[in-house]
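Read off the chains here:
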Amino acid sequence: MATDRTVSATWNGSLLEGAGTIHQAGSGAFGPLAVSWASRAEEPNGETSPEELIAAAHAACFAMALSSGLAKAGTPADQLDTSATVTFQPGEGIARIALTVRGRVPGIDAETFAAKAAEAKVGCPVSKALAGVPEITLDAALA
Amino acid sequence: MPRIVRKAEVAWKGTIARGSGMAVASSSSSFALPFTNASRIGEPEGKTSPEELLAAAHAGCFSMSLGSELARAGTPPEHLDVRCTITMDEVEGRGHQIVHSAIEATGVVPDCDEAGFAQAGEAADAGCPFSALIKASATVSVNATLEGI
Chain L
1 MATDRTVSAT WNGSLLEGAG TIHQAGSGAF GPLAVSWASR AEEPNGETSP EELIAAAHAA
61 CFAMALSSGL AKAGTPADQL DTSATVTFQP GEGIARIALT VRGRVPGIDA ETFAAKAAEA
121 KVGCPVSKAL AGVPEITLDA ALA
Chain D
1001 MPRIVRKAEV AWKGTIARGS GMAVASSSSS FALPFTNASR IGEPEGKTSP EELLAAAHAG
1061 CFSMSLGSEL ARAGTPPEHL DVRCTITMDE VEGRGHQIVH SAIEATGVVP DCDEAGFAQA
1121 GEAADAGCPF SALIKASATV SVNATLEGI
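One line per chain: the protein sequences are L and D, in this order.
For what it's worth, my numbering labels the leading residue of the first sequence as 1, then goes sequentially.
For what it's worth, my numbering labels the leading residue of the second sequence as 1001, then goes sequentially.
No lab work stands behind these hints: they were computed from the structure.
Fair warning: there could be bad hints in the mix.
Which residues of chain D face chain L? A few of them, derived with a C-beta cut under 10 Å, are [as the list claims (entries may be wrong)]: (1) F1035; (2) I1086; (3) A1123; (4) V1142; (5) N1143; (6) G1148.
The calculated label-pair distances, taken between Cβ atoms and stated as ranges, are [to be verified]: (7) L/G91 to D/G1046: 37 to 43 Å; (8) D/T1145 to L/P90: 27 to 33 Å; (9) D/R1072 to L/K72: 45 to 51 Å; (10) D/P1002 to L/D109: 26 to 32 Å; (11) D/K1135 to L/D78: 24 to 30 Å; (12) L/E111 to D/E1092: 47 to 53 Å; (13) L/A19 to D/V1005: 41 to 47 Å; (14) D/E1090 to L/D109: 29 to 35 Å; (15) L/E43 to D/V1108: 19 to 25 Å; (16) D/D1113 to L/P134: 23 to 29 Å; (17) L/G132 to D/E1043: 29 to 35 Å.
Idealized CB from N, CA, C, for every residue including glycine.
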């Protein structure tokens, strides 16, 4: 079954001097969030940006895929701490995404954990959608 | 221009079926959001999902690109509204995949006609870094119309 998720944004004025709002998400989970070119390209100053939202989407999707893969292998995780760091080069686009995970997983060895993390990195839907990013790195270890 | 780096962190506890996660905006501290597998696949029940975060990213990225394209064409916008719907579906033999991003843009743009606005919409789709990337697994549709015409 297909799942739809909708979010709206408003932008007022020019790119450099204007400002935008990401309105309350369809789920009600977040928003309104302020965005601006300055906070996207320079210091965030408390404002999110498309790159930070992509980082959140990727870290979340990767964690769920890894959780699923570990459970299927008979070694469900107690806790997974993931992060995604998105590097954006203005004029070129997203140059790099660095994924990290530290896992508390009873009954698994480091090598198998690393292999499951590598599978989740390739297989999660956000990774598949972002397959065009030139470099996606993974740093996986047991906590 | 220097590289821009943005980070988010997630803590996931428990199994995929019954566990839950928290996604935190580490760079800006602007959000900390719970999510579960049930709220990702079924009804959101007030929780976000990776796809909703991508919809927010695409709406934000596209609105900035469209504003930039309109300014470049000599018709800077007063106001732009951009709505993005991301669809995830199960694809035969490939599991869950993000298959479509639908962008609907409306705007108040002095001295710009419908054709010019639609053209700026196409240029924004070509220029928005996220539109380009997501085409690895998804199609992107853009529907751009001026307000009050």
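Verification of the supplied hints:
no.	hint	verdict
1	F1035	holds (6 Å)
2	I1086	holds (5 Å)
3	A1123	violated (13 Å)
4	V1142	violated (14 Å)
5	N1143	violated (14 Å)
6	G1148	violated (16 Å)
7	L/G91 to D/G1046: 37 to 43 Å	holds (38 Å)
8	D/T1145 to L/P90: 27 to 33 Å	holds (29 Å)
9	D/R1072 to L/K72: 45 to 51 Å	holds (50 Å)
10	D/P1002 to L/D109: 26 to 32 Å	violated (41 Å)
11	D/K1135 to L/D78: 24 to 30 Å	violated (37 Å)
12	L/E111 to D/E1092: 47 to 53 Å	violated (32 Å)
13	L/A19 to D/V1005: 41 to 47 Å	violated (22 Å)
14	D/E1090 to L/D109: 29 to 35 Å	holds (32 Å)
15	L/E43 to D/V1108: 19 to 25 Å	violated (30 Å)
16	D/D1113 to L/P134: 23 to 29 Å	violated (38 Å)
17	L/G132 to D/E1043: 29 to 35 Å	holds (31 Å)
In terms of the numbered hints stated before, the structure departs from hints 3, 4, 5, 6, 10, 11, 12, 13, 15, 16, listed from lowest to highest.
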